[in-house]
Every structure is written in structure tokens, then in C-alpha cells.
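What follows is the residue order along each chain.
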Amino acid sequence: MIGIVSYGTYIPKFRIKVEEIARIWGEDPVAIKSGLGVAEKSVPDIDEDTATMAVEAGREALMRAKIPAEKIGAVFVGSESHPYAVKPTATIVGEALGIGNYYYCADLEFACKAATAGMQICYALVKSGMIEYGMSIGSDTAQSKPGDALEYTAGAGASAIIIGKDPIAEIEATVSYTSDTPDFWRRELQPYPSHGGRFTGAPAYFRHVTSAAKRLMELLGYSEKDFDYAVFHQPNAKFPQRVAGMLGFKEEKIVDGMIVRAIGNTYSAASLLGLCGILDVAKPDQRILLVSFGSGAGSDAFAIRVTDKILDYPRNVRVWDKVKNCVYLDYALYLKHRRMIK
Amino acid sequence: MVPRFWRKIKYRYDVVGSYCEKCGSYYYPKRELCPRCRRKGRLRDEKFPDEGTILSYTVVNGRIIAMIELNNGARTLAEVCAEKAEIGMRVRKAFRRYGEDGDAGIIYYGTKFVPIC
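Here the protein sequences come in this chain order: A and B.
Residues in the first sequence are numbered consecutively from 1, following the working numbering.
Residues in the second sequence are numbered consecutively from 343, following the working numbering.
Read the hints as simulated data drawn from the structure, not as lab findings.
Among the hints, a few may not be true.
[As the list claims (entries may be wrong)] Lysine-lysine pairs mimicking BS3-like chemistry, simulated, CA-CA at most 25 Å apart:
| no. | chain 1 | residue 1 | chain 2 | residue 2 |
| --- | --- | --- | --- | --- |
| 1 | B | LYS372 | B | LYS389 |
| 2 | B | LYS382 | B | LYS426 |
| 3 | B | LYS426 | A | LYS336 |
| 4 | A | LYS13 | B | LYS426 |
| 5 | A | LYS17 | B | LYS350 |
| 6 | A | LYS342 | B | LYS389 |
| 7 | A | LYS324 | B | LYS426 |
| 8 | A | LYS309 | A | LYS127 |
| 9 | A | LYS87 | B | LYS382 |
| 10 | A | LYS71 | B | LYS352 |
| 11 | A | LYS87 | B | LYS350 |
| 12 | A | LYS66 | B | LYS352 |
Next up, chain B with everything else stripped away, as it sits in the complex:
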């Protein structure tokens, strides 16, 4: 599991996603192919805005999982660290633990979101 996590570090530690130079679309998480332009698309990595708005959310096992629209229009599913969430709530990125590979394995870190107060 270590190499699989390691490959994603750049995209998880910060909000780095894909931008299609042909159609101007943003994707987060990163994509290998632009679903609109297909083989004609030209994707490159780009650092996305730190803030966004909750479009919708659900609560799974006490965790808030939200569809967040970042300020550049890219949409992503991410955990929101808060007591409660609301549609339209403004959030910003936060660096948190995702989990760990048992007591002796590596710790997975990445981006979650917190309310802007």
C-alpha cells in the first residue's frame, strides 16, 4: 500500500488537481483524461483555490462527507471537520490525518475541509 499512497501525496497534501488547457475544465481529484475532450484534451496539474462552498452533504458513521465546489468551479467529495454542516456553508482546506495502516504501518495524511468562521 505504501507506493499507492506515495503516488498521491502531491494531490492529497494540497488541493492539486487537473486543468484541461483545451476546454478550461478543472477536476479534483486529478484525472488522467479530460472526460469532455477525450483524447484531444490537454491536462496539466494545477494548485486549486483553498476555499469553496458546500453544495450538498451526508453523514456517514458520524463523519460529514460533503460535495464541495471550490472557488474555481471544481467539485470534490471531501470530509468536513465540524459539528454540523449546511448547504451553502463556506469552507477552507485543512491538513488532517486520513487514517493509518494499523499500529505499525504508515500514517495517511491529506486534505479535509473546515468551516470558515
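Isolated chain A, as found in the complex:
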């Protein structure tokens, strides 16, 4: 039985409210909040970036797993805000976690789904017997152009998943749905991403998420009734809510994973932070549907069954409790934190 043996999360303590961003651009905060379903977003500290958050999440996962760091045979970091254009983030993480030198390692990039792709690679490496444990981390300090609609949701956070045998949550199966769909991109040397506006919806997010989820359920002979929880990539609160409805999931099955409502879109970390929010409360034998989405575009779907091992697994501090502890910034301090002014 292969699956998730441990998980760790990191959410920076700073927040900016939608009202504060709307004040700068003369927009109506009430309309934005109801349109996105997001009231505030997380902001990294001035000395935090994708690598530092990945290390913090990785440390928590390792500490909870109670396995020696040297047993981790692979480290993958998925992000679209790697601190270097050329030079891996994953080596920084591996070194800081004390994993040693003999491990498979790479940075992955597939917009917001790079870390679930990392989970699939770790799963395959464990299944083939090449490694005992593998760690996949999603970490992002999401970039957004000042004044763009993305600015209201582009948050920061990290989530680390350790894959191995004898798990707290078994991965029953995983499938991917991939197509060349340019809904969101960033060209070389450009500081901020661009997107296709409404085109990011039906042909991109909704098509990929529903196709991957349906294929997975077909493969296993499951319907939405077989899942106790569902978590989807969450660029805002409206998209996952709508896609849950399209697949027949009620609000109570997704609410524990909707971290986006509190901290915005954490890109590569988003669906995994939601999964961790669910694992924080899940009971043995409950089943979770996880579907990520990465622009460009693709979705990775997982059927995850919680095992008895979760009863002995230390789950504090829970993700929703980490969300609570925060300090609010005004727009000027926000710009300083994001290093847009120096």
C-alpha cells in the first residue's frame, strides 16, 4: 500500500484585504469579494520566498513523519515563482532538510499543478522500489501585475507531501488529463504572468478538472457518493465551488479544503493545502478526491483513502489554525514585502 505518509504546510503570517487593494485602484470591493469569494490573501515576509516556505513545510512533514531525513530518496519542488530562473530550489530544500547527497532531485513547473505531478513521480519511484520515501512540495509566492484582477487573489504558501509505504492515506489511483490550452502564461524575462481572462474558465479549468475527475471515477468504478471529501485547485473560491457542483459534490464535502477563502490562491500549493486541511480532520476509511489544475493546461486527479495510521499521526497545528494567526498590511507595506519597492 503506497500513499501519503506525512504532510506539512506553511502559510506566511501577513495578509492584505481585498478592500485595501480595491482602494488603490478605485474598484468596488464588495463586487470583487462576491465575484471571487475571497476576502483577503496571504503575503510573504520580506525575507521569505518559494525556497524558504518550501523548507518550512518540508521540515514540518519530516518532523511529523518521524523518519530520518536520509531516508528521503527524492525531492521535487513545484512552483511558478522559483527564486532562480536557472538553479534549482529543490537543492536548497534538500540541503536545509539534511537529506544528504544521494537523492533524486528536480524543480518542476506546470503552473499550479507541478506539485501533484511531483506526487505522481514519487508514487511511481516508491512503487518501482527505486526509493523508500519521496517528498513533493508545492510552494509559491504568486506573482501578479499591480492593478490586474489576479492581484486580489495571488497569495503565498507551501505544502509538502511525503510519499511512501504504510501510509496515513493510501493513493488508490491517479490519472491526468492534459492538453495544449494557453489560458495563462508568463514569457521569458517578463515579471508578471498574462492570462486569457474568461478563457481561463470553461476550456481550461472546468474542462480539465472535470475530465480528470470523471476518468478517475470511471477507472475505479466510483461515483461522487464514494467520496467523503473533495478538493480542487482553487484559483478563487468560485471555480472549485462550481466544479464541485458540476461533479455532484455538495458544499459540506469541500468546505474543509477551501483554504482559498482565507488566504487566496497559493498556486502550486493551493490544492495540496486544501488536501492537508481535509487530512487534518479526516477519519480512517474516508475517501478524498483531489484534483489539481495547472494552466497550459492539465489536471491530476487522485483517489485517496485514509487509513488507521492517521489515528496515531500528529496533526497539530492544523492548517485552519495556521490561517488564523495573522498581521494585516497596507498596500505600501505589501509592495515592500513583495519587493516591488526597495
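Fit chain B to the supplied structure of chain A, relying on the hints for placement.
This is chain B only, laid out in the frame that chain A set:
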């Protein structure tokens, strides 16, 4: 500057310091020589505890620099990432950016401390 930073990665990325097997003293940052035992000392690298207590602090250019006593008694000067600090405050290690070598140079990472809440 790259080799100079690279040599310190092991000691900066985690709280790895020196332990003198002869007198039992801990030093962070790492030392080449035990100041008590001098040439008779036997120093080896050791991973230190993640937590400690602020003994004293000062604020320099808006940054809190504190004298921290780690749980094994080793004392170190380090930045504390917080709005304010207090003597006796409990802190734990955090992985942060120290700085960067201009826009095109390498990024320096290392250990700072944050309050335990």
C-alpha cells in the same frame, strides 16, 4: 563571494555548531578551536536544538538582532523576525533569506528565529 558562502551552507541552513568533546561546551556559529581547551580541545560538528530564549536584543535599521540562548546552552546572535521582541521570549529556528548579491548574483539563505506562539 560564492565559495565563501558555499562553505557556510551546512552551518547556516540548519543550526549546526561545534561541540567540544573534552569540556562539553557548545559553540554557534561553528569554531575551529575550543577557546577553553585550546589545542587540547576536540571539536566536532553537531546539530543544535531548534529552540531557544532571547537573553537580550537590539533594533538596528528596523531589524531585531538578539542574543539567543539555545536549549543546549549555546549562545548566538541572530535576527528575530517579529514586530517586537522581549527578554525571555521563546523562539525557534526559521529558514529565511539573508540577502542577495545584487540583481544577478546568488541569494544567501540561512537561519533566523521567530517567536513560538
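Going down the list of hints, with the structure as the test:
1. B/LYS372 - B/LYS389: With a Cα-Cα distance of about 11 Å, the restraint between B/LYS372 and B/LYS389 holds, given a limit of 25 Å.
2. B/LYS382 - B/LYS426: violated (42 Å)
3. B/LYS426 - A/LYS336: Distance of about 19 Å is within 25 Å: holds.
4. A/LYS13 - B/LYS426: Roughly 15 Å separates the two Cα atoms, so the pair holds.
5. A/LYS17 - B/LYS350: Distance ~39 Å between A/LYS17 and B/LYS350 Cα, so the pair is violated.
6. A/LYS342 - B/LYS389: violated (35 Å)
7. A/LYS324 - B/LYS426: Holds, because 19 Å separates the two Cα atoms, which is no more than 25 Å.
8. A/LYS309 - A/LYS127: Holds, because 19 Å separates the two Cα atoms, which is no more than 25 Å.
9. A/LYS87 - B/LYS382: violated (42 Å)
10. A/LYS71 - B/LYS352: holds (19 Å)
11. A/LYS87 - B/LYS350: Satisfied, since the Cα-Cα distance of roughly 18 Å is no more than 25 Å.
12. A/LYS66 - B/LYS352: Roughly 22 Å separates the two Cα atoms, so the pair holds.
Violated hints, in rising order: 2, 5, 6 and 9; the structure is consistent with all others.
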